[in-house]
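**Q** Protein chains in written order, with my numbering: chain A, 5 to 420; chain B, 5 to 420.
A couple of the hints might just be wrong.
Given that identical chains are not distinguished, each listed pair holds provided it fits within a single copy or across any two copies.
Claimed, not checked - Here are the simulated DSBU-like pairs of lysine-lysine, each with C-alpha atoms no more than 30 Å apart in a straight line:
| id | residue 1 | residue 2 |
| --- | --- | --- |
| 1 | K170 | K56 |
| 2 | K413 | K392 |
| 3 | K320 | K199 |
| 4 | K362 | K77 |
| 5 | K320 | K134 |
| 6 | K85 | K170 |
| 7 | K274 | K392 |
| 8 | K211 | K77 |
| 9 | K282 | K85 |
| 10 | K356 | K199 |
| 11 | K211 | K411 |
| 12 | K320 | K141 |
| 13 | K282 | K413 |
| 14 | K211 | K199 |
Please keep in mind that the hints were generated in silico from the structure rather than gathered at the bench. Given the structure is predicted, the values throughout are model-derived calculations rather than measurements.
There are 2 protein chains.
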Amino acid sequence: MILLRSLRDTNKKVTLLNLFQTVVQTNKLHLNSVLPNKDDFVNINLQGNSLKYPSVWLRDNCQCEQCFHQSAKSRILNLCKFNVNVSIKSVVQDETSVQVTWDDDHVSRYALNWLKFRSFMPEDQLKYTKTLYRPVKTPWHGKDFHKVCAKHDYERILYSEAALYKWLQDLSTYGVALIQNTPNCDTALDGIVEKIGFTKRTHYGVKFIVENVANTSNVAYLSSNLQMHVDLPYYEYCPGVNMLHCLVQTLSEGGENLLSDGHHTASYMKNNYPDQYKLLTDIEVEWSDVGVEHGNEFFKLYRSSVICLDRHGYVKRINFSVPQRGSHFPGPIETVKPWYEAHSLFYELNQKFAAQFKTEAGDILVFDNIRLLHGRSAYEDKSDNVRKLIGAYVDWDEIYSRLRCLKAKLNPLEGI
Amino acid sequence: MILLRSLRDTNKKVTLLNLFQTVVQTNKLHLNSVLPNKDDFVNINLQGNSLKYPSVWLRDNCQCEQCFHQSAKSRILNLCKFNVNVSIKSVVQDETSVQVTWDDDHVSRYALNWLKFRSFMPEDQLKYTKTLYRPVKTPWHGKDFHKVCAKHDYERILYSEAALYKWLQDLSTYGVALIQNTPNCDTALDGIVEKIGFTKRTHYGVKFIVENVANTSNVAYLSSNLQMHVDLPYYEYCPGVNMLHCLVQTLSEGGENLLSDGHHTASYMKNNYPDQYKLLTDIEVEWSDVGVEHGNEFFKLYRSSVICLDRHGYVKRINFSVPQRGSHFPGPIETVKPWYEAHSLFYELNQKFAAQFKTEAGDILVFDNIRLLHGRSAYEDKSDNVRKLIGAYVDWDEIYSRLRCLKAKLNPLEGI
């Protein structure tokens, strides 16, 4: 079966909107015509649905050995010789594949499953985004914390791919997941990290210990109240996920964990305090950390807003830290006071929305460090009342990668 | 001497523009008035210049031991008790400092140098940005490559802080710098990396070897022509700087390095092909790498435009790689062909603007991986004609940090 439609885009300087209209109109005109040459689009019949593919994209994604390296799974065609205005001699579709013969007699063959998986229909693109690219995040209020913070078992994560997948899926969705029954040794965290890949090293090391330290270079190493914050906002490549293994928990009243979903707070502000929301997304402040650790000096500065949006307007990162906001304010002086008002409001709301709980020895609290704010109430630091955590960071690049590998293995996707 | 001016911002819902106008107008009205209470701004006389500081910012940056932790060099004031509408009882300035007494009788003292360094005057903010935050980047055309690519000596970088500083400053400015006279051993690169901090680990390892490998998982490990690209664009945290230590260079004609400054090309396109420039900044494509390395599976995907702009409209990252652009196109179908046209143009221009040269054994070619495109011409891979590079990545977070530490040491900045 041959199904072809064509669009002749004669005006090279059309805007995207015009182009879109041209596409729509031209398709109407040629809806049932079959024009084998100079086509910009090819229509393929997939299980009764007619799906449209751009010719240039098809040519670029030819899967033959000349164009695609099989073991590297990578495109190897030479871009210098690539013809954006490629045209088609013929399209032949059988039960399982489509064969396109190009104007230079090069032949490309595409499996129908492969094409279906790469559909340009917006609903198919959205499905792919949610199932493979990145799971959708679900914001939460602290009162629902016990519902969203699923409990996972250390040994099961190590030995079951399904358990590992479930844990990472929860972490991606809610930004928090608790691992229980962790062996009481300093290296237990490594086993979990290795199931994903490796840690993100920072100037505080490959891993870090959180306990009371005199004359510290970081306020996290004090026993006093630790206001809610994200770790290391002064890194452009801010650690994605924070894993805190509780080895010893204080027996006194204090030392409780606080967690707030910055995405929930941002969404609440957007709806109820749009002016302050705009200030926190627009105004960049300077995050800072200057000191010496393990004998190495560091002088980190990074400018960013408190709420960072991606180009689609979704929150991609939250920055917040009272101690690690620098004393330089890089913006216009007239924005300073309104910014401080919005900043205080953001913190107040996070406190209102926060969950409070206390991890136990054997717990690894895992949370999205560029989404959640975390803190800790003060505790009494005495020789018989200590608290010790071992922490490590892992970046989202590695976590999403492991999630996709597991997804492809546990729930094979046709045409991947 | 007491110098005070006030601004009463009675309308809390003003927009930023209105606010700015209010500031300007109110300042005109109160230009010579001295109102000691409820001030939003404090004016300080610094060497004959009157510099204005927001009261709320001054209170937030109180340097006393209650508000600022001296060894952690961090703000420790309690945000819950922080009053954004703080007002002032008195301001007393002497030869070296300013003392502010707040309405709750808290007293803050600021060194004049400290204040001057944190001036809110736009020209002072710009100077601070250029001297301490990040050096300005200078785009270049390949014909000027021999002028911009400074040659640095391996031993001098190891033993002279001034040489280390010069090298990193060149790298930040031009995105490329060559290190010569490197010892011929596999670990020589480590010495250079340790002068900065540590490498960025990826799924290819802490370091990587570039030589011809059969059945590779990456096309860089082939001897064929390697089209210009950036490394690992499928990482959201794409490696900042690429260091390639040439241990053995091929004796045949091929194996030449190609380097092009993506910032120069972007700027050229912005001026000469604004429509195509806009497409490359607006349309996100999917970068991809799927495979197995050292026994570990990876499945990396990241969506981003070819030219990524920051919120000020400056280029912050370039993504380009024929083999590592995925086969999924996440955007609207009608943008596909215009995008391919712009993409081909971008590559054509980079080829036109590229520098061509050949590193020698003992060279470490260091370049900004999120700015420059790099490539290599084909070479004949035979037993007597091999080529071997050892590579490592280091992120800009660590490089800028080291640059600032060195800057503060070599050219102390007053008030830092």
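**Q** Now tell me, hint by hint, if it's right for this structure.
**A** Hint check:
1. K170 <-> K56: Answer is neither; intra-copy 35 Å and inter-copy 55 Å both fail.
2. K413 <-> K392: neither (37 Å within a copy, 35 Å between copies)
3. K320 <-> K199: within (25 Å within a copy, 33 Å between copies)
4. K362 <-> K77: between (47 Å within a copy, 29 Å between copies)
5. K320 <-> K134: Result: close both inside a copy and across copies, 16 Å intra and 27 Å inter.
6. K85 <-> K170: For K85 and K170, neither the intra-copy (46 Å) nor the inter-copy (41 Å) Cα distance is at most 30 Å.
7. K274 <-> K392: Close neither inside one copy (38 Å) nor across copies (54 Å); limit 30 Å.
8. K211 <-> K77: Cα proximity of K211 and K77: across copies only (22 Å, versus 34 Å in one copy).
9. K282 <-> K85: Classified as between: cross-chain Cα gap 24 Å, same-chain 47 Å, threshold 30 Å.
10. K356 <-> K199: Neither. Shortest intra-copy (35 Å) and inter-copy (45 Å) distances fail the 30 Å Cα cut-off.
11. K211 <-> K411: This pair counts as both: shortest intra-copy Cα distance 28 Å, inter-copy 28 Å.
12. K320 <-> K141: both (11 Å within a copy, 26 Å between copies)
13. K282 <-> K413: neither (42 Å within a copy, 39 Å between copies)
14. K211 <-> K199: both (16 Å within a copy, 21 Å between copies)
This entry does not satisfy hints 1, 2, 6, 7, 10, 13, going by the numbered hints stated previously.
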